[in-house]
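Chemist: If you want the building blocks of each chain, they are given just below.
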Amino acid sequence: MSGDVLAALRDAAGDADAVRPAGAGDAVAGVPARYRAAPGSTEAAAAVLRVAAAHGLAVVVAGGLTKQDWANPPRRLDLVVDTGRLTGVVEHAAGDLIVVVRAGTRLADLPARLAPAGQQLALDAPALPGGAGATVGGAVAVNTSGPRRMRYGTVRDLLIGITVVRPDGVVAHAGGKVVKNVAGYDLGKLFTGSYGTLGLITECAFRLHPLPAAGGYVRRPVDGEAEAGRLVAAVLGAQLVPSALEVHAPPDGGVEVAVLIEGTPSGVRERVAATRRLLGAAATASDTPPPWWPAYPWRMGDVGLKLTAALSGVPGLLTAARAAGRRHGIPVRVSGSAGTGVLYAGLPGAARPDAVARIVADLRAATAAAGGHAVVLTAPAAVRDRVDLWGPVGGLELMHRVKAQFDPDARFAPGRFVGGI
Amino acid sequence: MTTTDIGTLAATLRAVLGAEHVITDRQELRTYECDGLAQYKVIPALVALPGTAAECAATVRACVDAGVPFVARGSGTGLSGGALPHADGVLVVTSRLRAIREVAPADERAVVEPGVINLQVTRAATPYGYYYAPDPSSQQICSIGGNVAENSGGAHCLKYGFTTNHVTGLEVVTPDGDLVRLGGRAPDPPGYDLLGAFVGSEGTLGIATEVTVRLVRLPESVRTLLAAFPSTDEAGAATSAVIAAGVVPAAIEMMDALAISAAEAAVRCGYPAGAGAVLIVELDGPAAEVDAQFAEVERLCRDNGAGEIRVAADDAERALIWKGRKSAFAAVGRISPDYIVQDGVIPRTALPEVLRRIAELAARRGVRVANVFHAGDGNLHPLVLFDDGVAGQAEQAEEVSGAILELCVEHGGSITGEHGVGMDKVTFMPRMFTDDDLDTMQLLRCAFDPRGLANPGKVFPTPRLCGEVPGRRRGAHPAQEAGLAELF
Ligand SMILES: Cc1cc2nc3c(=O)[nH]c(=O)nc-3n(C[C@H](O)[C@H](O)[C@H](O)COP(=O)(O)OP(=O)(O)OC[C@H]3O[C@@H](n4cnc5c(N)ncnc54)[C@H](O)[C@@H]3O)c2cc1C
Ligand SMILES: Cc1cc2nc3c(=O)[nH]c(=O)nc-3n(C[C@H](O)[C@H](O)[C@H](O)COP(=O)(O)OP(=O)(O)OC[C@H]3O[C@@H](n4cnc5c(N)ncnc54)[C@H](O)[C@@H]3O)c2cc1C
Chain H
1 MSGDVLAALR
11 DAAGDADAVR
21 PAGAGDAVAG
31 VPARYRAAPG
41 STEAAAAVLR
51 VAAAHGLAVV
61 VAGGLTKQDW
71 ANPPRRLDLV
81 VDTGRLTGVV
91 EHAAGDLIVV
101 VRAGTRLADL
111 PARLAPAGQQ
121 LALDAPALPG
131 GAGATVGGAV
141 AVNTSGPRRM
151 RYGTVRDLLI
161 GITVVRPDGV
171 VAHAGGKVVK
181 NVAGYDLGKL
191 FTGSYGTLGL
201 ITECAFRLHP
211 LPAAGGYVRR
221 PVDGEAEAGR
231 LVAAVLGAQL
241 VPSALEVHAP
251 PDGGVEVAVL
261 IEGTPSGVRE
271 RVAATRRLLG
281 AAATASDTPP
291 PWWPAYPWRM
301 GDVGLKLTAA
311 LSGVPGLLTA
321 ARAAGRRHGI
331 PVRVSGSAGT
341 GVLYAGLPGA
351 ARPDAVARIV
361 ADLRAATAAA
371 GGHAVVLTAP
381 AAVRDRVDLW
391 GPVGGLELMH
401 RVKAQFDPDA
411 RFAPGRFVGG
421 I
Chain D
1001 MTTTDIGTLA
1011 ATLRAVLGAE
1021 HVITDRQELR
1031 TYECDGLAQY
1041 KVIPALVALP
1051 GTAAECAATV
1061 RACVDAGVPF
1071 VARGSGTGLS
1081 GGALPHADGV
1091 LVVTSRLRAI
1101 REVAPADERA
1111 VVEPGVINLQ
1121 VTRAATPYGY
1131 YYAPDPSSQQ
1141 ICSIGGNVAE
1151 NSGGAHCLKY
1161 GFTTNHVTGL
1171 EVVTPDGDLV
1181 RLGGRAPDPP
1191 GYDLLGAFVG
1201 SEGTLGIATE
1211 VTVRLVRLPE
1221 SVRTLLAAFP
1231 STDEAGAATS
1241 AVIAAGVVPA
1251 AIEMMDALAI
1261 SAAEAAVRCG
1271 YPAGAGAVLI
1281 VELDGPAAEV
1291 DAQFAEVERL
1301 CRDNGAGEIR
1311 VAADDAERAL
1321 IWKGRKSAFA
1331 AVGRISPDYI
1341 VQDGVIPRTA
1351 LPEVLRRIAE
1361 LAARRGVRVA
1371 NVFHAGDGNL
1381 HPLVLFDDGV
1391 AGQAEQAEEV
1401 SGAILELCVE
1411 HGGSITGEHG
1421 VGMDKVTFMP
1431 RMFTDDDLDT
1441 MQLLRCAFDP
1451 RGLANPGKVF
1461 PTPRLCGEVP
1471 GRRRGAHPAQ
1481 EAGLAELF
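Quick mapping for you: the protein sequence lines, in order, are chains H and D. The numbering of the first sequence is this note's numbering, which starts it at 1 and goes up by one. The numbering of the second sequence is this note's numbering, which starts it at 1001 and goes up by one.
With the rest of the complex left out, here is chain D (with noise of 0.2 Å):
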């Protein structure tokens, strides 16, 4: 895309937007260049920040005409390079689009604007006794339509399902620039369920402008407790045991002895000291329910080894208990001068096996791995500790990590549980897919984008070619023109 491209294009968008609402000076830009994965860096050719829906999709039609692509970006906390913007595309902003339209307890959901911050929901329903379920870690910062994108999961998403179990009307944007409203806040819609499949698309059908979701009922009882095991062996059998037992806790969650020291040099969370690791397990619910699993989720801790058991005796004693966890990611840094955050699925009675192949893997390679994972569902977050200064840390480091999602894909596993493919693990979608897997995935794609001009370069590792574009279209193929073409 040449300079007067840009100009031109720059110029539409100030006359819908508002010239303080499209940036194209460099060093501006710059705020944008990357996601949570800071690594990948790419300056956008210009940065729209649509204050309505309307405006939103005004933008995605400027962008079509001018053969552009474009990316959506909610808080920039993605983990795989998902909003890594495009050198010569627009990258699309929802930090105005941040209104909470309406919480109707009454209806259970909230219908509320891309660019609300997850917490902000919970917040808003919290005095009507609701709570909105999905909590990623990212919580306080991470968006809602970067959740639908992602489809974000978080630490209580083993009893409660993920953003795309909450989800249940969106209007969105489509790549040719219309406004189509998907579901609502009754259940099943007729049509195929294109609102499922837009959940976790990471971008690459739309653009999400308007989420209802799913509120749910603040539990009546919760309880937690931390209990120590002398490794993971220990912990891993106790959490099967407790699934064996038929209890679906709200949250099981396990780290390792590396990662609780790192934790406990961050946020000095008081964990036992020596512990070779550790189990949170949350139950909540009706009391009488609780009460009487919670004493068998303690037994059975104890008769797979657990050491101290710690229970939360309010809210503070239970804030403190998931301190330690929710710091985890960011404390390895206090024991790490560089590290990797990976994440992968493994089915759960997999882990002793996986854990001991990661730990073959890094001793062999020279780098540490801290291991903190969502034990209840097999999500595993290896934290691939390394320095940078050292010559050839940083490679070997990329290997482990790699390696861990083949273990992955081998035991029947998944290349990413939350944090999706984005850009970072395109390379990785044939190791778990066919092509003809990916073929059949892009047809999807290609109803909703023929032109390739949604978040182009994400999730697959080629494209597809779409065949006849509908409408709209002008001139060469935009493909071409954004020098895709030599890729078909």
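This is chain H alone, in the form it adopts within the complex (with noise of 0.2 Å):
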């Protein structure tokens, strides 16, 4: 039977080679797989995934794996498809400022590709090590944004066009490659930070931005949460337009304010010269980033969460973190993007789970507070075993019936998301 299934897959995807029996390497987050397909086109993936629809086999999509650990365990799990043979540019049409690519690409890839025209895919994500595999599918389907999306938005204000393979086999697109369209409806938004539940991602065309000619840091030391909160609404009620505004707060350090100016050459030299006066004179400029810059307050088997919050109540959850961290007795390290509401707590892995648990509930109640949610992106089995990963969705029955139409056998990564969907 199984023989059979990985006959059937192979034929499917066109190339043996493409087709294997899962290795223990193969396991998602620790439940392990089958089969491991590595289609060459998006046909293929199709075909393959027809299969996989015919058999009732549970998918997992693996890009470049760095965030795998993000979300909770599938429930089951039959086949990997990993995009790792759905490379390349398909067009970069530089006048028109838009690239599309196959899923698989690495983000570390497109610097090469678009820089020499002068363009960047302005989406930077905090980086962790050996996080440097990250594809385009994969930030996608995650919804993983940095700093300069102060400046340049997130996936889902970039993503123009995609073409996706819906759980059942078949292959459908949406948008296109102009960046201004509002033909049919906007499926990239549906599919952006969906984590793999409601189909493959093998194609996507973004909006690309020029470089920047110049850039410049400006950073600071701060006295507290509150003198934090105060200077982060200096800068956004000033006229420097900053492309990042930072807050960095390590658990026992002192709380730091960063921002980043980009533009031209005498603008830069300008506005980064007016924001070290309104930060005062404990501001220091330079053209590299501070060291914390730009990466996620944890390391691999810490947990981790995302907290966000109205832009005025960042300072508010600022306080609240630090404060759950003494309270409960473990070090909690945030920072992030104080200038769109955005902050990352990274945890101890070690940490005892009950106290893990007490912390996310604290941080629920002071981001539903400013308005908005805490997210348990990464964390240890044992604490994912005894916290809600996601807490408070709203419009989680719609997501349900989503869910059902797209994949109404729940076969694609089945419990990772938001209600069990």
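Calculated from the structure, these hints are not laboratory results. Check each hint, because a few of them may be wrong.
[Claimed, not checked] Which residues of chain H face chain D? A partial, calculated answer using Cβ under 8 Å:
1. Asp96
2. Asn143
3. Asp157
4. His173
5. Val178
6. Lys180
7. Gly193
8. Thr340
9. Gly371
10. Leu377
As the structure is a prediction and not an experimental result, all values here were calculated from the model. Backbone N, C-alpha and C define an ideal beta-carbon position, used for all residues, glycine too.
Reassemble the complex: the two chains are provided individually, in unrelated frames, and hints are given to aid placement.
Modeler: In structure tokens, the structure reads:
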């Protein structure tokens, strides 16, 4: 039986080497798989997924595997679809400031292609050791973002077209390759941040931005969360138009605020000087980012959370996060985009799960008060067993209905997502 | 739907909304028979004017219970027939939902009801040093709810993005009649981005009853120039040069000779005489950046063949430069008895080729086409001029207008950049999307609206059967009752 499935998958992929029995290394968040397929085209992927559908196989999509420890482990798993052979730039229309790229392409490979034209895909994300392999499809599926979201937005703002293979093996496109386009539903938005639960993304079209001619950083240590809040508000209210406005708060060390200014050389010079004046005598300017920029405030194996708030709630959230750590005797490290209301918090992986659970509860209360959410992105198994990683989600009933339409048999990454989706 | 059914529904709605907010008088209903695309007219069975979100939800629930379709309407300025009523359905008008609930500059957000007029949001935010960036030319009259449904753009969306980039929270009445909140003031709510899917769904996924929008800091400096070129080729080359130089202007707008002469006739904007094309380029941001880039833009215009270049010295001069462009649609009424406003998108680099093809098409059919466009992002607004009094001209104009969309698709563009599909472009959807694409989009529709009651007949050429309809369904399939069953 399993030999038949393997043969059928190989047949579908059109290339015997593209499919093999899964090994121990193919387990996803500890759940072992039976087969691994690396189709080389959208059509081959569709054929593979039609076989998977016919045999009722549970599927998890693997990009660079840098974030497979994010979200819940899948409830069941048969087939890992690896996007490692779905790579390359399909089209870079420099004059139109767009790129069409296959989903398995590494983000890190794009600058070599785009920078010679003076362009960039303005997605950055905090780095983790070993995370350099992050793929385009993974970044879209997880909706990662970094400091410069303040200026360029996030995946949802940059993705203009998408090609997906549905769980039933049907290929569908939405959007296109022009930036301005309102024809049909924006399925790109639906797939952004869907963690591989709606289907396989095989191709993405993005709008690009010109690389700024110059950039500069201004940073300054601050005396506690309240002052950080005051300075953040001052920068937002000024006419500096920063590309990023970050805050960094290690568990016991001092809090720091940092600003990235991008633009023309002369403009950046003036604006950096103005930022220094605004931030006061303790501010320093440099061409290079602070050492902590842009990194998630946790290491592999730790607990990592994403905390969001309305802008005015950021100082309060920062205060609450650090206070929660002190209250439960666990060092909480916080950093993130104070200028957009997105913070990240890291707790040591060795922390007692019950204490972590209490901190998560405190953070949920604090983010709710600030109009946002606290989501546990990654955590050791003992912690996952104790806390709901996602927390309360608005519109969950509709989300279940969307999932039921796209994946009625719940075969794609079952259990990974919100509300057990 | 029979008269008794409508009578029963009207009675239910009167009890919920108050008698004065339910319209059944035929003469009064006529006020709502069309939107901005006035050649299509349908008189709705009933018009409901809810005064709160809860009343709006109750209205939708009453429609669901009666198996009657409903269509949302804001200000009725839509140009694709999106708000065209359903003859057997209820038109839900948001004109009583006009409160600005909160302007929160510290959160860079405003919370408004859907009937609030676009420009009112900016007016309310300006005292705090903020504004609402998406600026459709209709911003003095169109509603935020309509903007959300159409994902409306404007001249300044090249730099600032469209409605979808500026809405962070919605309260919606689902087609089940439930009130659901999606997103809020904070970014990145967990779960599927249903907010993102709702924006641009043209009223087919429910009715927005509250909208949380992003406010943007008013720029320190705004500089605007008007450059005259011998033809659209040079103006297009100048646009390319500006983009290639890494400048992201707040706006770059182009008009061709015919559009210029229309604007001149209508509002006497005083654009340089004899110009084959004009470009309006506006830069905004920190003064230190704008000054450096503005000089570069001027140079690039000259290098690419600009004759006269006018730089606005103050707000009054800026308004004068914009006046010609903003009045362009209505202005062609001065030079032609009838016209079609088209809306298509091409990759910007295909502009010279596409303009040549449009000119050929027009010449062959004996109609004139005036071109106005958002040059920075390749969004064309060809105005196809004709005289309905001349036999056959309307058909020729329709053909040219349709052929322009074919050209857009052929060049990898889109059949609509901002006006939406509505009912007008339903038949063009299969040109741009495969059956599987359309089927997949409708999976989303089935999740929200399994009965197909929210604005049926819009966006998609063929409705999809949704399978099991959860809850609240009674008796025969409502689509059958609505007389749509033979379509399946
Ligand atoms: C320049 C740059 C550098 C970066 N560097 C780092 C870095 O050093 N470290 C780091 O951690 N992050 C980095 N990132 C962030 C990166 O964007 C995310 O880590 C990314 O989400 C992970 O992608 P992955 O391919 O490893 O996904 P995986 O870990 O393989 O998968 C993550 C999730 O996405 C789903 N998924 C993956 N591909 C698809 C697909 N094609 N279709 C549907 N679902 C899919 C999976 O099922 C899974 O649920 C960087 C981003 C940029 C722009
Ligand atoms: C002179 C003129 C210039 C224009 N310029 C531009 C422009 O520059 N850019 C641009 O993008 N558009 C432009 N438009 C088109 C139009 O103004 C926009 O599409 C606008 O967003 C429509 O808003 P409205 O309130 O008039 O909506 P309506 O026409 O009433 O409705 C439009 C659609 O939205 C739906 N809808 C309305 N309210 C809601 C709600 N609360 N919830 C859910 N669905 C709802 C309707 O069902 C319909 O499908 C222009 C129109 C005119 C007449």
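Chemist: Would you mind marking each hint as holding or not holding in the structure?
Modeler: Going down the list of hints, with the structure as the test:
Below 8 Å, beta-carbon pairs count as interface contacts, and Asp96/H has one with chain D at about 4 Å; its hint therefore holds. With a cut of 8 Å, the hint placing Asn143/H at the interface with chain D holds, because the nearest CB-to-CB distance is about 7 Å. The beta carbon of Asp157/H is positioned within 8 Å of a beta carbon in chain D (closest approach about 5 Å), and the interface hint is therefore held. At a threshold of 8 Å, the smallest CB-CB gap from His173/H to chain D is about 5 Å, leaving the interface hint in force.
Because the closest C-beta pair between Val178/H and chain D is about 5 Å apart, less than 8 Å, the hint holds. Hint on Lys180/H holds. Least Cβ distance to chain D is approximately 4 Å, under the 8 Å limit. Taken as an interface hint, Gly193/H checks out: its beta carbon lies about 6 Å from the nearest beta carbon of chain D, inside 8 Å. Hint status for Thr340/H: holds, given a least beta-carbon distance of 6 Å to chain D, under 8 Å.
Satisfaction of the interface hint for Gly371/H is found here, the shortest Cβ-Cβ separation to chain D being roughly 4 Å, below the 8 Å cut-off. With a least beta-carbon distance of about 10 Å to chain D, the hint placing Leu377/H at the interface is violated under the 8 Å criterion.
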